[in-house]
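Undergrad: Listed here are the chains, written in short residue letters.
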Amino acid sequence: MNKKLAINYFQFSSKSILINWDHSISNHILFDVLSFMQAIKLSDKPILEVRNTYCSLLVTYNTTIDNIYNEIKSLNSIYLHKKKYNISEKKIWKIPVCYNEYFGKDLLNISKKTKLNVEEIIKLHYKNTYTVCFLGFLPGFLYLSNLNKELYFPRKSVPDLNIIKGSVGIGGSQTGVYPSNSPGGWNIIGNSPIDFIGSDFNDKISFAKPGDLIKFIPISQDHHSYILNNLESYKIESEVCNG
Amino acid sequence: MVKVLKPGMFSTVQDKGREGFQSYGIPQSGSMDSFSSDLGNKILGNAINVAVLEITMVGPVLEFESPTFICITGADLSASVQNINIPMNTVIAIKSNDILSFGALKSGLRAYIAVLGGFKTEKVYNSRSMYKNLTKAIKLSKNDTLEISNETLFCDSKLIVQSVQNIENELMVTKGPEYSMLNSNQKNFIISHDFTVSNNYNRMALQLTDLLENNLDSIITSAVLPGTVQLTPNGTLIILMRDCQTTGGYPRVLQLEERAINSVAQLKKDSKLSFNLKT
Chain A
73 MNKKLAINYF QFSSKSILIN WDHSISNHIL FDVLSFMQAI KLSDKPILEV
123 RNTYCSLLVT YNTTIDNIYN EIKSLNSIYL HKKKYNISEK KIWKIPVCYN
173 EYFGKDLLNI SKKTKLNVEE IIKLHYKNTY TVCFLGFLPG FLYLSNLNKE
223 LYFPRKSVPD LNIIKGSVGI GGSQTGVYPS NSPGGWNIIG NSPIDFIGSD
273 FNDKISFAKP GDLIKFIPIS QDHHSYILNN LESYKIESEV CNG
Chain B
425 MVKVLKPGMF STVQDKGREG FQSYGIPQSG SMDSFSSDLG NKILGNAINV
475 AVLEITMVGP VLEFESPTFI CITGADLSAS VQNINIPMNT VIAIKSNDIL
525 SFGALKSGLR AYIAVLGGFK TEKVYNSRSM YKNLTKAIKL SKNDTLEISN
575 ETLFCDSKLI VQSVQNIENE LMVTKGPEYS MLNSNQKNFI ISHDFTVSNN
625 YNRMALQLTD LLENNLDSII TSAVLPGTVQ LTPNGTLIIL MRDCQTTGGY
675 PRVLQLEERA INSVAQLKKD SKLSFNLKT
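Chains as they are written, first to last, in our numbering: chain A, 73 to 315; chain B, 425 to 703.
Simulated from the structure, these hints should not be mistaken for laboratory data.
Any given hint could turn out to be false.
Restricting the straight-line Cα-Cα distance to at most 25 Å, the calculated cross-link-like pairs of lysine-lysine (DSS-like) are [to be verified]:
(1) K276(A) - K547(B)
(2) K113(A) - K154(A)
(3) K87(A) - K117(A)
(4) K199(A) - K162(A)
(5) K199(A) - K163(A)
(6) K87(A) - K702(B)
(7) K281(A) - K556(B)
(8) K599(B) - K87(A)
(9) K287(A) - K221(A)
(10) K228(A) - K556(B)
(11) K563(B) - K237(A)
(12) K87(A) - K466(B)
(13) K519(B) - K566(B)
(14) K156(A) - K281(A)
(15) K560(B) - K276(A)
Sample of chain A residues with no beta-carbon within 10 Å of chain B, all distances over it, derived [said to hold, decoys possible]:
(16) Y141
(17) N148
(18) S149
(19) Y151
(20) N181
(21) K184
(22) L219
(23) P290
(24) E304
(25) I308
Yeah, the Cβ is synthetic: ideal placement off N, Cα and C, and Gly gets one too.
Sequences are here, hints too, so could you generate the full structure?
TA: Structure below.
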């Protein structure tokens, strides 16, 4: 029997229940969260949406929750009987990124403060495989985990007013790609030419879902402009990942 | 068609928003004061999810190219048609080439213009609510033309409005997920203090001027909702509104009830508000 983690339930609004795990970021917790999310989606509950973060789930109902105690009891029974996360659905996405000082406005500053040279920073960033934990912040923004500790770098104390679409950044222990132009406090090391949100991912809004993996593939600036100019015919490479 | 002669200060198309798309990081959006927005649609006999115009502080000047029926709800911005004042919360018949304009703001902050059948602007992810990077337009601009339904020119609504929701300065709230992390001084301050709305307010959030003593750390990024009250490291309280992000890292100390969110939508700079915690 697989061991259940300690979780608690909290009524967040008249229509939603927040479920909290231990406050930490780990794959162990994330995949417990995701398997519970799968089980809730498969249930016949009148649910508008279930969404997760690193260590929480928000269950939003179509209408006001009448009896919160019964609802929590019923959710917990789903939790106790859920199966492990179904990894056959897990995909690994290959995201092209042009890492250079033209796009990576903050590479030199990170290099100066971490004593890593620019090539080492770039290599440490694309060497790792990242887990998509959830989407948030901006439409299509993927929260990723597994950044190499050597690349941890504090957010800027004064955010940049305009970080351009596709910017790949590091903020504290997190890394990610800005899906649209936005103000932001992360340190930018490169740029990806692809779209992270759109209606053309087989009717899905984002190509990736929580639990999927991301691999960044370094590309030249010429290749970056080529993809950018031919986005309509560009297909993001992916493969099903078993394990 | 409706032609925008002047856009007003900040006018947007809104409906019930993008409920159910938050797992993609897409904000909910929708009318800030959903009560007033629904009311206009109900008075006209529209479905409540058809799109209306939300106008803020200074109204637009609009020319209707064909006859229709409209209804103005929410803030009182001294609406007039052909320079003749029109009443709010009631069906107004519009003739071809009539011009709708607004004057002084008498109460509230945001008014709604509902039109028979609704505004038919671009729909993205099941909603016409304007939002940066999702819809092409993020607010009305001069010379825009807005399509409206012209299938029916008959409005048989008999709904008579006896009273409208008053703007409440005492907001009904429940505990937020991190309320229990507050110490008793902070809790007392929150329920007893009269807070003031700062000049920092928009469709995403509204900041209060009064600072709380605060030594709480940030939390690991988790879900937030419209109506969530966050406590920032410097002690500022922020009330998240309809266009808020889907996740956040500041402690979530309170949650506004739906009715309170609608009231906050009508509060402007320097308004006073207090929190009434339901236990």
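Undergrad: Hints first: check each against the structure and report whether it holds.
TA: A quick look at each hint next to the structure:
1. K276(A) - K547(B): holds, 16 Å
2. K113(A) - K154(A): At roughly 11 Å apart (the allowed maximum being 25 Å), K154(A) and K113(A) satisfy the hint.
3. K87(A) - K117(A): holds, 13 Å
4. K199(A) - K162(A): holds, 20 Å
5. K199(A) - K163(A): holds, 18 Å
6. K87(A) - K702(B): holds, 16 Å
7. K281(A) - K556(B): Status holds; Cα separation ~23 Å.
8. K599(B) - K87(A): Holds, because 14 Å separates the two Cα atoms, which is no more than 25 Å.
9. K287(A) - K221(A): Since the Cα atoms of K287(A) and K221(A) sit roughly 17 Å apart, the hinted pair holds (cutoff 25 Å).
10. K228(A) - K556(B): holds, 24 Å
11. K563(B) - K237(A): Within the cut-off at roughly 21 Å; holds.
12. K87(A) - K466(B): Given that 25 Å is the threshold and the Cα spacing comes to 23 Å, the pair holds.
13. K519(B) - K566(B): holds, 22 Å
14. K156(A) - K281(A): Holds: K156(A) and K281(A) sit about 17 Å apart, inside 25 Å.
15. K560(B) - K276(A): holds, 20 Å
16. Y141: holds, 16 Å
17. N148: The claim stands: N148(A) keeps its Cβ more than 10 Å from every Cβ of chain B (closest is about 18 Å).
18. S149: holds, 23 Å
19. Y151: holds, 18 Å
20. N181: Holds, since 23 Å exceeds 10 Å.
21. K184: Since the minimum Cβ distance to chain B is about 27 Å, K184(A) lies beyond 10 Å and the statement holds.
22. L219: Nearest chain B Cβ is 14 Å from L219(A), so the label holds.
23. P290: holds, 26 Å
24. E304: holds, 18 Å
25. I308: holds, 16 Å
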